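Q: So the protein sequences, as listed, match chains P and W. Under the UniProt record's numbering, the first sequence has 154 at position 154, and the numbering climbs by one with no breaks. Under the UniProt record's numbering, the second sequence has 127 at position 127, and the numbering climbs by one with no breaks.
Hints listed in this document are in silico derivations from the structure and should not be mistaken for laboratory results. These figures come from a predicted structure and were not determined experimentally. Treat the hints with care, since some could be wrong.
[Said to hold, decoys possible] Capping the alpha-carbon separation at 27 angstroms, the derived lysine-lysine pairs in BS3-like fashion look like this:
1. W:K130 <-> P:K224
2. P:K217 <-> P:K235
3. P:K160 <-> P:K217
4. W:K129 <-> P:K224
5. W:K57 <-> P:K217
6. P:K54 <-> P:K160
7. P:K160 <-> P:K180
8. W:K57 <-> W:K229
9. W:K130 <-> P:K217
10. P:K217 <-> P:K50
11. W:K198 <-> W:K57
12. W:K57 <-> W:K30
[Said to hold, decoys possible] Incomplete in silico selection of chain W near chain P, CB under 8 angstroms:
13. E91
14. G93
15. C94
16. M96
17. E100
18. S103
19. Y104
20. N111
21. R112
22. K115
Glycine included, each C-beta is placed from N, C-alpha and C at the ideal position.
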Amino acid sequence: MARRYDSRTTTFSPEGRLYQVEYAMEAINLAGSTVGVLAEDGVILAGEKKTTSKLLDQAKQHEKLFQLDDAMFCAVAGITSDANILINRLRLTAQQHTYSFSEPMPVEQLVTSICDYKQGYTQFGGLRPFGVSFLVAGYDAHHGFQLYHTDPSGNFSGWKGYAIGVNNNTAMQIMRQDWKPGMKLQEALDLTAKVLVKTMDTASPTAERLEFGIVYKTPEGQVKFRMLKDTEINKLMADATPKEGEEAAGAATSTS
Amino acid sequence: MAPGQYSTDPKQHTLSPIVTGATVIGMKYKDGVILAADTLASYGSEARYKDVCRLKKVGEYTLLGGGGELSDFQYLSDQLDEMADEDWLNEDGCFMGPKEYSSYIGRVMYNRRSKFNPLYNQFVVVGKKKDEPAHLMYVDHQGTAFEENFVATGFGMHLGIPLLRNSWRADMSLDEAKALATKCLEVCFYRDCRAYCKIHIGVCNGTSVDISAPIPLNHFWGHGAWTEKRLEDDDPTATW
Chain P
1 MARRYDSRTT TFSPEGRLYQ VEYAMEAINL AGSTVGVLAE DGVILAGEKK
51 TTSKLLDQAK QHEKLFQLDD AMFCAVAGIT SDANILINRL RLTAQQHTYS
101 FSEPMPVEQL VTSICDYKQG YTQFGGLRPF GVSFLVAGYD AHHGFQLYHT
151 DPSGNFSGWK GYAIGVNNNT AMQIMRQDWK PGMKLQEALD LTAKVLVKTM
201 DTASPTAERL EFGIVYKTPE GQVKFRMLKD TEINKLMADA TPKEGEEAAG
251 AATSTS
Chain W
1 MAPGQYSTDP KQHTLSPIVT GATVIGMKYK DGVILAADTL ASYGSEARYK
51 DVCRLKKVGE YTLLGGGGEL SDFQYLSDQL DEMADEDWLN EDGCFMGPKE
101 YSSYIGRVMY NRRSKFNPLY NQFVVVGKKK DEPAHLMYVD HQGTAFEENF
151 VATGFGMHLG IPLLRNSWRA DMSLDEAKAL ATKCLEVCFY RDCRAYCKIH
201 IGVCNGTSVD ISAPIPLNHF WGHGAWTEKR LEDDDPTATW
């Protein structure tokens with residue numbers, strides 16, 4: 001392994017790789033499961049909290065999901081302290097846009113701005129990259145509901161469904177099969193719950209370990225963000241958890 | 001700093017305008033919004049540049065009309081062109097419309113005045129973006145900014161607004177709106193020493209932004225009251 005070329009972010013290895021950036025992405029693969037699903041009438045982000053302890057003075061502390069603007073929020077996977085810097089920046093950028101232009105910032109422009117910022121740390125300054133990946137979910141009048149994934153290299157793409165953190169491959173596999181165009185918010189919530197049941201490393205997934213957030217359109221036509229209540233999360237997860245005999249039956253039918 | 005001194009910087013800021021434009025009239029009509037201004041840039045009391053277009057197309061959907069210092073209007077126009085180019089370069093299917101531009105101009109104007117280095121203008125920013133409602137905003141050198149159905153700057157505020165208040169309706173046709181704007185600018189030409197008898201009219205209807213060719217105004221000086229001889233004509237001290 002070409003270790004000599006690892007230590008500085010701003011140097012390519014002989015094979016043309018940026019090792020620091022790749023190591024940053026490794027850090028994220030150990031983070032709690034985070035899933036995003038795009039529906040026709042909304043977007044969902046959900047994450048598994050890693051730090052759950054009786055001693056934690058939890059109250060209102062978020063670990064995974066953070067609101068960025070009236071109709072935009074993000075899920076974090078990776079180093080929390082790095083994420084806090086970027087979230088502050090995202091929120092400020094969105095508000096500065098609204099201050100200048102009296103209009104909410106288009107989602108893709110906000111994602112682009114934070115990605116350009118992250119990219120800078122892979123090219124100059126000699127500083128390490130941010131060890132954070134985001135799933136950004138939002139709504140704007142130009143392109144409707146959108147879901148984006150960003151990584152430490154500063155790259156991003158738009159997705160219909162994406163997962164980061166532990167077991168993200170399993171999650172993506174399930175979504176590849178079960179995501180359908182034209183899904184409504186409730187179906188997408190069921191899909192998200194189903195994915196999390198498979199990827200979380202616990203037998204009884206409850207609201208204590210999970211955060212769920214949605215951007216949706218109210219019956220009056222206004223677009224809003226909200227976090228799901230514990231009761232709603234528990235119901236979703238309970239409905240998605242197969243009962244004793246069902247799991248085996250499900251497996252049998254899918255292989256035949 | 002000495003009393004009355006606004007800056008320790010040896011560089012001085014221009015606080016009074018030199019080459020100026022006069023009235024700008026803006027009003028919404030049934031399908032969009034129009035802007036009208038004369039083609040004069042005055043050098044104090046001299047009618048110096050008589051073929052100036054004080055209306056500018058900004059981006060795809062917006063029109064900017066400027067009264068006051070012409071160089072500041074040109075400076076801001078160039079800055080807005082650069083912003084429009086960057087907006088186009090994003091290639092993200094999102095384009096800034098009159099709401100964004102007028103809000104941005106408002107913030108620029110307020111921040112400049114707060115630094116005691118104003119852009120000495122009264123702007124009317126109008127536009128209509130596809131299916132959104134028409135937008136009309138007044139912004140001036142003090143950073144005052146507000147939205148309205150019709151506005152006028154400069155002398156037009158005193159001479160034109162009363163006419164607009166009487167005749168403006170939300171469902172006016174384009175021709176009615178143009179006629180009303182023309183009438184306001186005619187009255188301004190008669191009574192404002194810094195106005196002129198040639199105008200431009202710009203129209204934003206949601207699909208395109210068009211600035212007309214120069215339109216000459218009608219003006220009549222043969223009124224009896226103006227031409228007939230009066231007792232005081234031979235008396236140089238008379239002030240009537």
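Q: Are P:K217 and P:K50 close enough, with their CA atoms no more than 27 angstroms apart?
A: 31 angstroms, violated
Q: Are the Cα atoms of P:K54 and P:K160 separated by 27 angstroms or less?
A: Status violated; Cα separation ~36 angstroms.
Q: Holds or violated: the hint that W:E91 contacts chain P, with Cβ atoms closer than 8 angstroms.
A: 10 angstroms, violated
Q: Please verify whether W:K130 and P:K224 have alpha carbons no more than 27 angstroms apart.
A: Holds, at about 24 angstroms.
Q: Have a go at the W:Y104 hint: is there a Cβ in chain P nearer than 8 angstroms to its own Cβ?
A: Check passed: Cβ of W:Y104 comes within 5 angstroms of chain P, closer than 8 angstroms.
Q: Hint W:S103 vs chain P: min CB-CB distance below 8 angstroms?
A: 4 angstroms, holds
Q: When you check the alpha-carbon spacing of W:K129 and P:K224, does it fall within 27 angstroms?
A: Given that 27 angstroms is the threshold and the Cα spacing comes to 24 angstroms, the pair holds.
Q: Does W:R112 meet its interface restraint, that is, does its C-beta lie within less than 8 angstroms of any C-beta in chain P?
A: 14 angstroms, violated
Q: Tell me if the interface restraint on W:M96 is satisfied: Cβ within less than 8 angstroms of some Cβ in chain P.
A: 7 angstroms, holds
Q: Below or equal to 27 angstroms on CA atoms is what counts here, so check P:K160 against P:K217.
A: 18 angstroms, holds
Q: Run the distance test for W:K198 versus W:K57: straight-line Cα separation, threshold 27 angstroms.
A: 19 angstroms, holds
Q: Straight-line Cα separation of W:K57 and W:K229 no greater than 27 angstroms?
A: 48 angstroms, violated
The earlier numbered hints that this structure contradicts are 5, 6, 8, 10, 13, 20, 21, 22.
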